[in-house]
Amino acid sequence: MIEILDPRQLAQAKESGALVGGILQTLKSRTAVGTNLLDIDQWTKALIAEAGGQSCYVDYEASFGRGPFGHYICTAVNDAVLHGKPSDYQLADGDLLTLDLAVSLGGIAADAAISFIVGESKAPEDVAMITTTERALAEGIAAAVPGAKIGDISRAIGTVLSAAGYPINTEFGGHGIGSTMHQDPHVSNTGRPGRGYKLRPGLLLALEPWVMQDTAELITDEDGWTLRSVTGCRTAHTEHTIAITDNGPEILTKAQS
1 MIEILDPRQL
11 AQAKESGALV
21 GGILQTLKSR
31 TAVGTNLLDI
41 DQWTKALIAE
51 AGGQSCYVDY
61 EASFGRGPFG
71 HYICTAVNDA
81 VLHGKPSDYQ
91 LADGDLLTLD
101 LAVSLGGIAA
111 DAAISFIVGE
121 SKAPEDVAMI
131 TTTERALAEG
141 IAAAVPGAKI
151 GDISRAIGTV
161 LSAAGYPINT
171 EFGGHGIGST
181 MHQDPHVSNT
191 GRPGRGYKLR
201 PGLLLALEPW
211 VMQDTAELIT
221 DEDGWTLRSV
231 TGCRTAHTEH
241 TIAITDNGPE
251 ILTKAQS
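1 is the number of the first residue of the sequence shown in the UniProt record's numbering; add one for each residue after it.
Hints in this document: simulated from the structure, not taken from any laboratory. In this text, all values refer to a predicted model and were calculated from it rather than measured experimentally. It cannot be assumed that every hint is accurate.
What the hints assert, rightly or not - List of simulated lysine-lysine pairs, BS3-like, C-alpha gap at most 25 angstroms:
| id | residue 1 | residue 2 |
| --- | --- | --- |
| 1 | Lys198 | Lys14 |
| 2 | Lys254 | Lys149 |
| 3 | Lys149 | Lys14 |
| 4 | Lys45 | Lys28 |
| 5 | Lys28 | Lys122 |
| 6 | Lys28 | Lys14 |
| 7 | Lys14 | Lys45 |
| 8 | Lys14 | Lys254 |
| 9 | Lys254 | Lys45 |
| 10 | Lys198 | Lys149 |
| 11 | Lys28 | Lys254 |
Unchecked claim - Pairwise CB distance ranges (calculated):
| id | residue 1 | residue 2 | range |
| --- | --- | --- | --- |
| 12 | Arg200 | Gln42 | 38 to 46 angstroms |
| 13 | Pro167 | Arg195 | 18 to 26 angstroms |
| 14 | Ala49 | Pro167 | 34 to 42 angstroms |
| 15 | Asp184 | Lys122 | 34 to 42 angstroms |
| 16 | Asp221 | Ala123 | 16 to 24 angstroms |
| 17 | Glu120 | Thr180 | 20 to 28 angstroms |
| 18 | Pro167 | Asp93 | 23 to 31 angstroms |
| 19 | Lys14 | Ala92 | 36 to 44 angstroms |
Backbone N, C-alpha and C define an ideal beta-carbon position, used for all residues, glycine too.
Start from the sequences and build out the full structure, keeping to the hints where you can.
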């Protein structure tokens, strides 16, 4: 299903996006060496409830996971990159943490992810990898103009990732979003320009460049959800929900200043 939102729904999407962006920044500010991933999950639950939102994750079941996810946020550490299921783990100095959050508010969902390094030990290669996903996301967003094709976004993202030397996995990527969290069209993190669905005002997309340092191959953790690099290398993931408008793309999940 590809959903085109009306003006009322787009206004609601902006509220949903602001909530997701704000929660992620709050969680980042609270996270420190020694923070337990289960505490981050409980903070997320409380922040969603306080805003009157609904988690898109806690009851979520998918073909690539085992049973309901059962948590309120994805917490991926170091070699984990996607669908990181919170566990009883205390973060250490230098851990590379990705927080991925989707919340529905007023019937419209928004989805975003941030990667950052915990503590003071910041390996240059980790910083470079995070920065690369952020640059790839910015280029993908810039390409998301009315009349462009999904392939134009994929090409813009993939060009940045490839130029930085990262292998690109095409199993998981961006997606449409709206009244449900995951919708068509799929947005691969590399592709051919001029191909795929033509972008129209009212379309919401969650764009999410992610990379693993030296591989494109994933393995599934014993928890049935967490996806890790097959080599054990570090990973990074950055995501925003955007709206296609007559005036170009609008980022909905930026934290409000």
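Verification of the supplied hints:
1. Lys198 - Lys14: 22 angstroms, holds
2. Lys254 - Lys149: 24 angstroms, holds
3. Lys149 - Lys14: Distance of about 23 angstroms is within 25 angstroms: holds.
4. Lys45 - Lys28: Answer holds: Lys45 to Lys28 is near 15 angstroms, not above 25 angstroms.
5. Lys28 - Lys122: Holds, at roughly 16 angstroms.
6. Lys28 - Lys14: It holds: about 21 angstroms lies between the C-alpha atoms, which stays within 25 angstroms.
7. Lys14 - Lys45: 21 angstroms, holds
8. Lys14 - Lys254: With a Cα-Cα distance of about 10 angstroms, the restraint between Lys14 and Lys254 holds, given a limit of 25 angstroms.
9. Lys254 - Lys45: OK: Lys254 and Lys45 at ~20 angstroms, within 25 angstroms.
10. Lys198 - Lys149: With a Cα-Cα distance of about 4 angstroms, the restraint between Lys198 and Lys149 holds, given a limit of 25 angstroms.
11. Lys28 - Lys254: 14 angstroms, holds
12. Arg200 - Gln42: 38 to 46 angstroms: The hint (38 to 46 angstroms, Cβ to Cβ) holds, given that Arg200 and Gln42 are roughly 39 angstroms apart.
13. Pro167 - Arg195: 18 to 26 angstroms: With Cβ atoms ~21 angstroms apart, the hint holds.
14. Ala49 - Pro167: 34 to 42 angstroms: Once the Cβ atoms are compared, 39 angstroms apart, the range 34 to 42 angstroms for Pro167 and Ala49 holds.
15. Asp184 - Lys122: 34 to 42 angstroms: Roughly 38 angstroms apart at Cβ, these two residues keep to the hinted range, so it holds.
16. Asp221 - Ala123: 16 to 24 angstroms: 23 angstroms, holds
17. Glu120 - Thr180: 20 to 28 angstroms: 40 angstroms, violated
18. Pro167 - Asp93: 23 to 31 angstroms: Distance hint for Pro167, Asp93 holds at roughly 28 angstroms.
19. Lys14 - Ala92: 36 to 44 angstroms: 37 angstroms, holds
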